[in-house]
Each structure stands twice: as C-alpha cells, then as structure tokens.
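Student: In case you want the letters, here they are:
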Amino acid sequence: MTARYPALPGFRLALGLTLLWLGLLVLLPLAGLMLKAASLSPAQILALLATPRSLAAFRVSFGTAALAALIDLPLGLLLAWTLTRYRFPARRLLDALIDLPFALPTAVAGIALTTLYVEDGWLGALLAPLGLFPAFSPSGIVIALTFVGLPFIVRSVQPVLADLHREAEEAALTLGASHFAIVHRIIMPPVLPALLTALALAFARAVGEYGSVIFIAGNRPAISEIVPLLIVIKLEQFDYPGAALLGTAMLAASLLLLLAINRLQRWTAAERAYAI
Amino acid sequence: MPSDRLIGEPAWLRATAIAATLAVITVMLILPLAVVFTEAAAKGRAFLLAALTDPDALAAIRLSLLVAAIVVPINTVFGLAAAWAVSHFRFTGRGLLVAVMELPFAVSPVVSGLIYVLMFGLQGWCGPWLAAHNIHIIFAIPGIVLSTLFVTLPFVARQVAPLMQALGVAEEEAALTLGASPWHMFRRVTLPKIRWALLTGMLLCNARAMGEFGAVSVVSGHIRGLTNTMPLHIEILYNEYNLAAAFGIAGLLAAMAIATIALRMALEWQHHSSLARGSAAIWNQPV
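Listed in order, the protein sequences are those of chains A and B.
Be aware that the first sequence starts at 0, since it is given in numbering that gives the first Met the number 0, and climbs by one per residue.
Be aware that the second sequence starts at 0, since it is given in numbering that gives the first Met the number 0, and climbs by one per residue.
Honestly, the hints are just simulated from the structure, not real lab data.
Hints are not guaranteed to be accurate.
[Claimed, not checked] Listed next, the stretches of chain A that the computed footprint assigns to chain B, with coverage defined by at least 3 CB atoms under 8 Å from CB atoms of chain B: (1) 203–209; (2) 229–235; (3) 245–255.
A virtual CB, placed ideally from N, CA and C, is assigned to each residue, including glycine.
Throw the hints in and build the complete structure from the sequences for me.
Tutor: This is the structure:
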C-alpha cells in the first residue's frame, strides 16, 4: 500500500469504511445471489433457462433494448449537435431538459408514456389511423426504453463535439475539402468512440429497466414480458432458485457490458486527447 | 453568428437541425411531462387535494421522505470516505474497488432488490434465523432502506472523487504543516473545496432514493399505508384505474425531478470553476 501523499491522514479510516460499506451492501448480497444460483445442478439450470417463456423474455429484453439504443443513436447525435453547435432561444432550457429521463422516477415515466400512447392518448390517437397501436406490445417497450436511453447518447457525445477544433474544419474548407470529407475525416474520428460508448451505456441501462416498461408493455408471456418482470413473477411464486438464476444471468450481462463500456471509455479518452 | 457554425454550412441545414431537435424534444420529453400535470389536474383542484391528503398517500409520502432521510446521510458519509481513499492514495485493488462501486449503476433494479430477498427473505440465507428472532427486513422498512442504499450508493463518491483528484492536496498539506488536526483539516480545508460537488451528489442521491421503483418493489410487499413508497403507491392507484390520483402523486415526483435538474443547473452555472462539468458527468453511467 503506497500513499500518493504519504503525509495525508485518514487512509486506514477511509478505506476501512469503504470496504465495510461495499462488503456489506454489495459484495455479500451479490455473493449470496451467485451461491443460490450455483446450488442448482447443470440439468436444473438448463431446464429453467431453456423454457420457451424464459428464452422469449431474454429475446424481448435484449431485442427491445438493442432497438431502442439504435433509435436513440441518430436522435441523440442530432440533439447533441444542435445543442452544442448552434445558439438559439431557450437552448439552455432545452439542454437542461435532456436530463429529465435520468431524474424522473421510472414509475412516473411509465404511466406518462402509457397514457400518451394508448389508443385515445395524445400520440396514440395520431398513430391509430395509421394502424399503429404501440401500447401494450413490444413496440411500447421500445418507446419506454428509447425515452430512458436518450440522455446517455446526448451527454456522451456533447463534450466531444464541444472539444472539436473549429480551426481544423475551417482549414479543411479553405483547402477545398467537401462537407462530407470534413464530417468523415475531422468530426467522426473522435465522435465515433463516444457514440459507441453511448450506445453501450444506453443498451446496458435499457436491458435492466423495469419501472418505465411494465406499465406500457402489456406483459404478455412470451410476447412482451421482460426478464426483470419474470424475476419478479418467480419471486412472487417463491421460486427463489429460478429468480436467482435469472438474476445471475442479468448480473453477468451487466458485468460484461460494464467491461465493454470501460474499454470504450478508454478509447474515447484516447481519441479525445488526440483530437485536442 | 458565423462562429456558431461551419463556414459555408448552409442556413437551411442549420434551420432544419434546430427544427428537428425541437420536434424530438417536444415529442420525447415535453409531452410525457405535460401529460403528468394535465392528468393530475384533470379532475380539478379539490380532487387533487383529496388524493394527496388521503391517509395512504400521506403514509407513502412520509415513508419516501423517511427512506431518503436515512439513505442520503449514510451514503454521503461512506461516499466521502470512498472518494478520499480512491482519489488520494494508490493501493492494490484500487481499480477493482472503483469497479465494485460502479456495480449498483450497472445491474437491473430488480436484481438490486432480489439480492436482499435472497439474503433476508423467508427462504433466504438468513431467513430462518431472522424469523426465529422475529426480525422483519423483507416486506418491511429495513428492506426498502437497504435496497435504496444499494441503488444510490455511487452518487456522492462519483461526484466528489474526480474533483478531489483534480484539486490535489496542496492546501491540505499546508494546513497539516501549520499544525491543524486531520479532522480540522478536513472540515476547514477539504470540505469547503468540494462542497458544491458534494451537494450535487446528495441531490442526485435524494432524487433516486425518492423515485426508486424496481428494487423497492421487490422487497416492499406492497402493504398499503405501511410499506408503500410514493412510486409504489402510484402503481397501486394506476392499476385500480384511479388515474387522476396516480398522476397527482406522480406530479409531486415530477416536480421533484424538475427541481433537482434546476438546482443542479443553478449549481453548475454559479460554481462552474469548482464543478467541471465533463469530469463530474455522473449521468453518463448506467443508472
């Protein structure tokens, strides 16, 4: 153990408190979860995971999360670009509003989006004549997850766009570069890793999302039922091993995504340092 | 304003981008917020007042405030300790510690509740012992507090640690050299330096504590008037087709969310120098 500042007090106390806090609240309960799942035999694990209902739930959860993150990508890029590059009335207010999905409790978002998109809702009434009925279907899940994921894209891309050197773009223009070349050669290299990080963040958040989804999803087994809801259902049936197994699978997915995000963030930082 | 755009970037492109941005923000963010307040007011002021002062609603509001009042101070103290250890010292396992601290943001809220049910539930690891001693954690307030502690764990540390690291310890060392006690140094030198980041972290922690749904839903047992927080009460009212009352409570939480965003923005604008936005962008983590 080497202190960066050997004279600085409080290392033992601070580290001790931190380990106590993390150990009791995070590590011990997570170990309990994995032990519970590990008490199952491989045959039991297969029987629990390979049911049509579980498989469908994984398909719905990961499919809708991926779709929502992909929809968020161009929308978030547009918002980040406009809010960073242009000056117009109420820009700061709109910029502040981007954080709404972070700050608004998920249950509130859930009932608000459902009310908007049901057949006689403000937006649902506009979609119904087109034959679109998003509420209580997988499309509803995508709508909720798109709401939840949007700020991840905007907030990841904004600082990179703000860092870009306008001089490089102007120099390229004077040298006769096309707009396409400028976007392709000057803007995209630092923005691309940030976009991929943002995509992973939005996806990671969406995969585990519960509150904003269950109201609008309709929750029909094998059609619009997400994995977190299936965990809740298993718990309500006192099927603790089944819930623990699904929970462990979700935890493993989160850990993998966390690892990927970490790598992507390092790449983003490197590209940003290079661009500056 | 030529400096706002690429030289030669056509004006129509800029106008289209701004118009499209306004459309996206209106449909995706403003309409959901507007529908909350519209539905809350749909049955008039008297109904709204009655819905908010209903005994079960008041109990839910009280419980949410109680949970936040327990969770925010605990996570502030431990978050400060973690930030101090992580930003000023190098030790083996430091990276792992930071990664573990991020975990609560990465896992599904339902898993955050599930782990405590497996720990303290009737069929959980400690279940039989707790039952024998008549201690209730799951389907009771301690379970709600524990799962909320878990989901809000990283907020303060993630706001404070980058700032501590960026500001360094020159003043702290000066204070120590001049004979200040460690506690004196922390209170008079460190705390003033980081107070706005600390406040931001506590604000975000509080917002999440009041609004958490998934984790709390798993451990609460949904006992009306006893273990229902505000978000859980919204769910019950909504499922009973009492939309105006559900949106009444939802309106309170939406107002809290708006106040949180506004306060955070105000802090950032006023204390920009001490709150570098990029480094403190906690929201960039999966919440």
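Student: Take the hints in turn and mark each one as holding or not.
Tutor: Going down the list of hints, with the structure as the test:
1. For the stretch 203–209 of chain A, the assignment as covered by chain B holds, since 6 residues bring a beta-carbon within under 8 Å of that chain's beta-carbons and 3 suffice.
2. Using a Cβ-Cβ cut-off of 8 Å, 3 residues of the stretch 229–235 of chain A lie near chain B, which meets the minimum of three, so the contact claim holds.
3. Coverage of the stretch 245–255 of chain A by chain B holds. Counting CB-CB distances below 8 Å, 5 residues qualify, and the rule asks for three or more.
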